[in-house]
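Student: So the chains spell out like this:
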Amino acid sequence: MYNEKLVADLEDKARKLRRNVIVSMGVGFAGHIGGSFSSADMVAALYFHKLRHDPENKKMAERDRFLLSKGHVAILQYSALAEAGYFPVEDLVNTKRIDSYLQGHPDVLKTPGIEAGTGSLGQGLSIGLGMAMGLKMDGLDSKVYVLMGDGEQQEGQIWEAAMAATVYNTDNLVGIVDCNKLQATGPICERFDAGDIRHKWESFGWNTIEINGHDMKEILWALDETDKRNGKPTVIIMNTVKGKGLSFAENVVSYHNGMLSKENYDKAMAELS
Amino acid sequence: MEYTNQREAYGSTLVELGKVNRNIVILDADLGGSTRGKLFEENFPDRHVEMGIAEANMTSVAAGLAQTGKIPFVNTFAVFASGRAYDQIRQTIAIGKLNVKICGSSAGVSDFGDGSTHQSVEDVAIMRAIPNMTVLCPADANETVKAVRALAEYDGPCYIRLNRNDYPNVTSPDEPFQIGVPSILKEGSDVVLFATGYMLTLAMEAASKLEGRVSVKVVNISTIKPLDQVRIKELVKGAKGVVTAEEHSIVGGLGSAIAEALRLERMPVEFVGIQDCFGRSAHSYGDILKYQNLTTERVVEAIETIVSLQ
Numbered sequence: 001m002y003n004e005k006l007v008a009d010l011e012d013k014a015r016k017l018r019r020n021v022i023v024s025m026g027v028g029f030a031g032h033i034g035g036s037f038s039s040a041d042m043v044a045a046l047y048f049h050k051l052r053h054d055p056e057n058k059k060m061a062e063r064d065r066f067l068l069s070k071g072h073v074a075i076l077q078y079s080a081l082a083e084a085g086y087f088p089v090e091d092l093v094n095t096k097r098i099d100s101y102l103q104g105h106p107d108v109l110k111t112p113g114i115e116a117g118t119g120s121l122g123q124g125l126s127i128g129l130g131m132a133m134g135l136k137m138d139g140l141d142s143k144v145y146v147l148m149g150d151g152e153q154q155e156g157q158i159w160e161a162a163m164a165a166t167v168y169n170t171d172n173l174v175g176i177v178d179c180n181k182l183q184a185t186g187p188i189c190e191r192f193d194a195g196d197i198r199h200k201w202e203s204f205g206w207n208t209i210e211i212n213g214h215d216m217k218e219i220l221w222a223l224d225e226t227d228k229r230n231g232k233p234t235v236i237i238m239n240t241v242k243g244k245g246l247s248f249a250e251n252v253v254s255y256h257n258g259m260l261s262k263e264n265y266d267k268a269m270a271e272l273s
Numbered sequence: 001m002e003y004t005n006q007r008e009a010y011g012s013t014l015v016e017l018g019k020v021n022r023n024i025v026i027l028d029a030d031l032g033g034s035t036r037g038k039l040f041e042e043n044f045p046d047r048h049v050e051m052g053i054a055e056a057n058m059t060s061v062a063a064g065l066a067q068t069g070k071i072p073f074v075n076t077f078a079v080f081a082s083g084r085a086y087d088q089i090r091q092t093i094a095i096g097k098l099n100v101k102i103c104g105s106s107a108g109v110s111d112f113g114d115g116s117t118h119q120s121v122e123d124v125a126i127m128r129a130i131p132n133m134t135v136l137c138p139a140d141a142n143e144t145v146k147a148v149r150a151l152a153e154y155d156g157p158c159y160i161r162l163n164r165n166d167y168p169n170v171t172s173p174d175e176p177f178q179i180g181v182p183s184i185l186k187e188g189s190d191v192v193l194f195a196t197g198y199m200l201t202l203a204m205e206a207a208s209k210l211e212g213r214v215s216v217k218v219v220n221i222s223t224i225k226p227l228d229q230v231r232i233k234e235l236v237k238g239a240k241g242v243v244t245a246e247e248h249s250i251v252g253g254l255g256s257a258i259a260e261a262l263r264l265e266r267m268p269v270e271f272v273g274i275q276d277c278f279g280r281s282a283h284s285y286g287d288i289l290k291y292q293n294l295t296t297e298r299v300v301e302a303i304e305t306i307v308s309l310q
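These protein sequence lines are chains A and B, in that order. Mapping of the first sequence onto the UniProt record's numbering: position 29 corresponds to residue 29, and the numbering continues sequentially without gaps. Mapping of the second sequence onto the UniProt record's numbering: position 299 corresponds to residue 299, and the numbering continues sequentially without gaps.
None of these hints come from the bench; they were simulated from the model. Beta carbons: idealized from backbone N, C-alpha and C, even for Gly. Honestly, I wouldn't trust all of these hints.
[Said to hold, decoys possible] Computed footprint of chain A on chain B, listed as stretches where at least three residues anywhere in the stretch have a Cβ under 8 Å from a Cβ of chain A:
id, stretch
1, 44-57
2, 65-77
3, 92-98
Make a model of the complete structure from these sequences and hints.
Tutor: This is the structure in structure tokens:
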């Protein structure tokens with residue numbers, strides 16, 4: 001269904017994004033590897049295939065919007081923005097430095113291509129809903145994609161937004177839930193299990209799609225499914241592995257926000273080359 | 001027309017602005033009848049958004065609307081606007097300097113019947129502490145009309161605090177209004193009385209009671225933040241001292257802002273305000289004002305305290 005070259009190219013982009021994340025972290029500084037790597041395939045598909053955007057015309061009204069509600073994986077978004085041409089890839093090494101425009105969490109005033117400030121979990125979907133409503137008011141057919149975490153589903157505001165989105169028929173709004181099954185302090189099923197998330201979204205009136213978040217063909221299919229406007233917003237529930245693509249970080253809780261030794265840095269760069 | 005209620009002035013002015021500015025969008029959380037957002041809904045149903053009883057979501061939605069070029073006004077009671085949606089305001093709107101107007105309606109003790117849960121004694125302190133935030137507290141309905149017009153022109157995050165009750169205007173509709181500029185209602189030389197919101201009415205009464213005994217300069221501070229510290233120092237030059245009057249806690253409100261401005265001056269400052277306590281239900285606005293010691297007599301007493309220090 002999807003041409004093999006596109007799929008291979010996007011898989012390559014995802015590998016580059018993971019590599020950029022490692023570069024932007026460097027040695028000896030904490031960074032959110034786990035959630036960056038679980039979302040990397042989806043983010044690659046969005047920035048290098050699905051999103052209507054133009055780094056040369058960043059503010060064009062007709063652009064699609066991508067919001068990182070799980071703002072702690074900003075380094076993943078920076079990696080994608082740099083790779084897409086919003087700013088030099090070489091600047092990624094300066095992430096979080098005192099004089100850098102690349103902050104620990106997305107900052108709308110400091111970083112080109114960031115659409116909203118996020119970091120306090122649970123708010124991105126509401127901001128995206130506001131954008132979706134504003135775009136509809138202006139008669140624009142642009143879409144708004146909001147990437148959330150599965151731990152983030154514990155925030156009540158998400159369900160306020162879920163409710164409001166169906167009231168206003170924002171079928172230009174797409175929620176994406178990265179279900180990597182780990183939160184900062186342990187497995188979600190042991191810490192604070194929100195239960196059957198897909199059923200919850202369905203009961204709020206959303207279209208729901210469930211995929212393997214590391215299968216590029218499934219990702220592309222799911223994103224195209226969201227183009228079928230039926231008056232309802234759509235959520236893509238993607239099953240992922242936290243730390244996916246880095247042998248020593250996969251499913252390891254401490255890599256939610258971990259630090260790399262010189263040895264592990266070199267190992268990561270070798271695995272991702 | 002001249003209004004005698006800030007909420008009515010607010011809702012009607014938004015309708016007037018909505019006719020000429022298609023970007024203005026109003027959000028309510030099931031309190032549109034009270035905030036008077038309802039007036040906008042009746043006139044422009046497509047640009048009034050009912051967000052249900054969910055203030056946090058409403059506030060973040062406003063941030064998203066602002067990011068698509070809209071000028072959102074978020075309405076709810078001041079306690080909820082500043083308390084329940086604090087994090088949403090801070091994280092996305094204030095840090096990003098987004099063009100969102102937050103209206104804290106039924107502010108101070110003006111919702112006398114509903115009691116402590118609905119009376120905002122700390123909203124100004126909360127909003128004033130947020131970087132990038134502008135905080136307005138118009139004195140009466142006349143000034144509310146001008147403040148709302150100014151807000152629509154101003155690009156950035158702003159909080160406006162409004163009273164629930166009817167009372168006669170103390171400011172003139174012809175007086176020019178500019179965000180950040182204090183206005184002198186009465187000249188005087190002994191004591192400078194800075195007042196905000198409804199307390200300006202009581203401040204004028206207090207100054208007139210002291211006429212012939214103490215010369216009181218009455219200054220309306222309807223922009224609590226940003227406060228022009230140089231201008232405040234100029235206004236108090238030569239005076240014996242300063243009194244501030246606000247329908248808000250003495251912690252973090254107008255009094256604190258004035259004291260901060262005068263921190264290097266050798267000048268006593270006395271506060272008239274709520275003594276760091278919650279309110280309670282009352283049958284009338286007058287009863288709760290009296291309970292919180294927000295009276296003309298208390299303002300007179302504060303002025304006399306300053307004079308007695310000499």
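Student: Compare the structure with each hint and give your call.
Tutor: Status of the hints after comparison with the structure:
Chain A is given as covering the stretch 44-57 of chain B, and this holds because 8 residues of the stretch bring a CB closer than 8 Å to a CB of that chain, at least three being needed. For a cut-off of 8 Å, the count of residues in the stretch 65-77 of chain B with a CB near a CB of chain A stands at 7, and the three-residue condition holds. For the stretch 92-98 of chain B, the stated coverage by chain A is satisfied: 5 residues place a CB nearer than 8 Å to a CB of that chain, which reaches the threshold of 3.
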